[in-house]
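Undergrad: Listed below are the residues making up each chain.
Protein chains: 2
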Amino acid sequence: MKQKQLILNERPNGLPDERTFQFEDVEVGNPEAGELLLKTLFVSVDPYMRGRMSDGPSYIEPFEVGKPLNGGVVSQVIESKSDQFDKGDIVTGHLAFQEYHVVSDNHVRKVQTFGLRPSVALGPLGMPGLTAYFGMMHIGEPKAGETVVVSGAAGAVGQIAGQLAKRAGAKVVGIVGSKEKARYITEILGFDDVVEYKEGNVAKQLAEACPDGIDVYYENVGGEISDAVWPLLNTFARVPVCGAISSYNLEEGEYDIGLRVQQYLIKSRAKLQGFIVGDFQADYKEAYEVLGKAIANGELKFEETIVDGFYAIPDAFLGLFSGENIGKQLVKVADSE
Amino acid sequence: MKQKQLILNERPNGLPDERTFQFEDVEVGNPEAGELLLKTLFVSVDPYMRGRMSDGPSYIEPFEVGKPLNGGVVSQVIESKSDQFDKGDIVTGHLAFQEYHVVSDNHVRKVQTFGLRPSVALGPLGMPGLTAYFGMMHIGEPKAGETVVVSGAAGAVGQIAGQLAKRAGAKVVGIVGSKEKARYITEILGFDDVVEYKEGNVAKQLAEACPDGIDVYYENVGGEISDAVWPLLNTFARVPVCGAISSYNLEEGEYDIGLRVQQYLIKSRAKLQGFIVGDFQADYKEAYEVLGKAIANGELKFEETIVDGFYAIPDAFLGLFSGENIGKQLVKVADSE
Chain X
1 MKQKQLILNE
11 RPNGLPDERT
21 FQFEDVEVGN
31 PEAGELLLKT
41 LFVSVDPYMR
51 GRMSDGPSYI
61 EPFEVGKPLN
71 GGVVSQVIES
81 KSDQFDKGDI
91 VTGHLAFQEY
101 HVVSDNHVRK
111 VQTFGLRPSV
121 ALGPLGMPGL
131 TAYFGMMHIG
141 EPKAGETVVV
151 SGAAGAVGQI
161 AGQLAKRAGA
171 KVVGIVGSKE
181 KARYITEILG
191 FDDVVEYKEG
201 NVAKQLAEAC
211 PDGIDVYYEN
221 VGGEISDAVW
231 PLLNTFARVP
241 VCGAISSYNL
251 EEGEYDIGLR
261 VQQYLIKSRA
271 KLQGFIVGDF
281 QADYKEAYEV
291 LGKAIANGEL
301 KFEETIVDGF
311 YAIPDAFLGL
321 FSGENIGKQL
331 VKVADSE
Chain C
1 MKQKQLILNE
11 RPNGLPDERT
21 FQFEDVEVGN
31 PEAGELLLKT
41 LFVSVDPYMR
51 GRMSDGPSYI
61 EPFEVGKPLN
71 GGVVSQVIES
81 KSDQFDKGDI
91 VTGHLAFQEY
101 HVVSDNHVRK
111 VQTFGLRPSV
121 ALGPLGMPGL
131 TAYFGMMHIG
141 EPKAGETVVV
151 SGAAGAVGQI
161 AGQLAKRAGA
171 KVVGIVGSKE
181 KARYITEILG
191 FDDVVEYKEG
201 NVAKQLAEAC
211 PDGIDVYYEN
221 VGGEISDAVW
231 PLLNTFARVP
241 VCGAISSYNL
251 EEGEYDIGLR
261 VQQYLIKSRA
271 KLQGFIVGDF
281 QADYKEAYEV
291 LGKAIANGEL
301 KFEETIVDGF
311 YAIPDAFLGL
321 FSGENIGKQL
331 VKVADSE
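Protein sequence lines, in the order shown, are assigned to chains X and C.
Position 129 of the first sequence, counting from 1, maps to 129 under the UniProt record's numbering, and the rest follow consecutively.
Position 158 of the second sequence, counting from 1, maps to 158 under the UniProt record's numbering, and the rest follow consecutively.
Please keep in mind that the hints were generated in silico from the structure rather than gathered at the bench.
Don't be surprised by glycine CBs; every beta carbon is placed ideally from N, CA and C.
Careful, some of the hints might be misleading.
[To be verified] Keeping only pairs whose Cα atoms sit at most 25 angstroms apart, straight-line, the calculated PhoX-like set for lysine-lysine is:
no., chain 1, residue 1, chain 2, residue 2
1, C, Lys143, C, Lys179
2, C, Lys67, C, Lys267
3, X, Lys332, C, Lys166
4, X, Lys293, C, Lys143
5, X, Lys301, C, Lys204
6, C, Lys332, X, Lys2
7, X, Lys293, C, Lys267
8, C, Lys166, C, Lys67
9, X, Lys143, X, Lys39
[Unchecked claim] Listed below are several chain X residues computed to face chain C (Cβ distance under 7 angstroms; list not exhaustive):
no., residue
10, Asn249
11, Leu250
12, Phe317
[As the list claims (entries may be wrong)] Beta-carbon label-pair distances, calculated as ranges:
no., chain 1, residue 1, chain 2, residue 2, range
13, X, Ser178, C, Asp55, 35 to 41 angstroms
14, C, Glu324, X, His138, 28 to 34 angstroms
15, C, Lys2, X, Pro211, 20 to 26 angstroms
16, C, Lys285, X, Ser178, 33 to 39 angstroms
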């Protein structure tokens, strides 16, 4: 028995096109002991798959050229040679994009659907739902009365992320790209307000929708939309960086203007955190002890650049920006007596 | 008795110049009960003062036009009407930039100098030292064997931050702007390697100095130098964002190309954190329970956009980037039996 399989034909530069994909006919095969024959019911397509079509460093290995794409799949057990599954069971797993699979029974899990379509295992009860949950609840940590902004708000992740923030008592503003999506997130999902970025002046729309600033920004898009968010961030705001879809299809020459730090944060799962020394006032004693001891015994070295006279202050200050100082820049105003 | 005072004459647009500053003669005054007469020995000039010369929103109030600048000062007690201080004591505090002060005795603290110049209270044992300590040790958290990069490495904060990372057992690379600074941080401070950004190709220099990637980036400068850091960030890297000196003197029209997210992170002390769902595998059960219950009782709503047929996968995938889907984008391959 033959089936269709979807192959990565060549790596795209920029937006994928017809050369990127190819359909091939392959054998279905027969299950052996401990294996299942599955029929594919639903295939999930997700923005992160674009990254796997390129071969740069990432948290996940790239697709191989000439090999099938793979991702989230919901399937039905057609034939079971496992005592864990029965014929007819609905299962989900991360599998090649093809119409049938012969897989070991530990490659898939049964789907709990709560009476809904089994496709929920690829949406709110699958990777997108979990992504929304951890990003919003473990990194964003919205609190009652706070303002939460979600970009890509009508997408698979955004629709869940925003509702989780509502449940936490926050005011939730979604950023979307159409009137239909705007209606969906406000009328059906209960978001408090919406910014339609294709209407222009995102900064102004956002400022009006968020008069108290932004405490959590759930980042799905990157680029210019997110640049309009930064000036509105409140003190100790949290930004879970989940996606940066605006940059996924940049061509090589466009990186300089289009790429922001977000894409690198996702790849590395790094944390950027702004701070000022006053945030740590409760721990000043600890710092003075460590620094004082190390300086007193000469273990910690330092340099000063000292200029003389009260009138030298402006020039000493300006010198900081041309890098004239080594170590601390000081102005000596008078000698001690 | 008269003294000199340094006034903010007008707010600068871009780099401050002679119009920014003005010196005025003011009365010294006499201390009353609980007060001290101080003679200024050292004045600290720091990059963050540039932000206070503008009047945008910030973590600290702007300087007032026509009023004196203020900042870190080390002074000697000339006359004491307080039982907390004696004539001759060396003190430090945040005071107006002038030659003498009459202040309440709770506005300053005595300086512990470890036999060194009292100016240490404005450097390694003052605000810059504490800033280096908390940014590196509480946010950067360098571990033995990790690679730590410090920009502005020969500055007041950078020189201490890098040495603290060395003490923690990390390999430390500094980014500086001159050969003299490069020698200082490697030969005197013991940094392992150095990148001289004015020599060009920072990305290549950095990649060579950090063959194992970057685990902690102590950010003092922002701009293009830091953009060369992002591609080298290792998994779960930490970036304490302390300063962005490259952007402090941008003129209004230069914001679009010059401003990065760093300046906003400092103002807000916000946290940007990249993540992927797999980072939270240990908590999947928790998420499935919360999401499952809320979906089952209809509290959590969701939408799916479903297209039909295995051949529809490429178009469904491409539609993600033009925003054609509401909710989860799926491809239905077959009906269940």
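Undergrad: List in ascending order the numbers of the hints, as given earlier, that are violated by the structure.
TA: Hint check: 1, 3, 5, 7, 8, 9, 11 and 15 fail, others pass.
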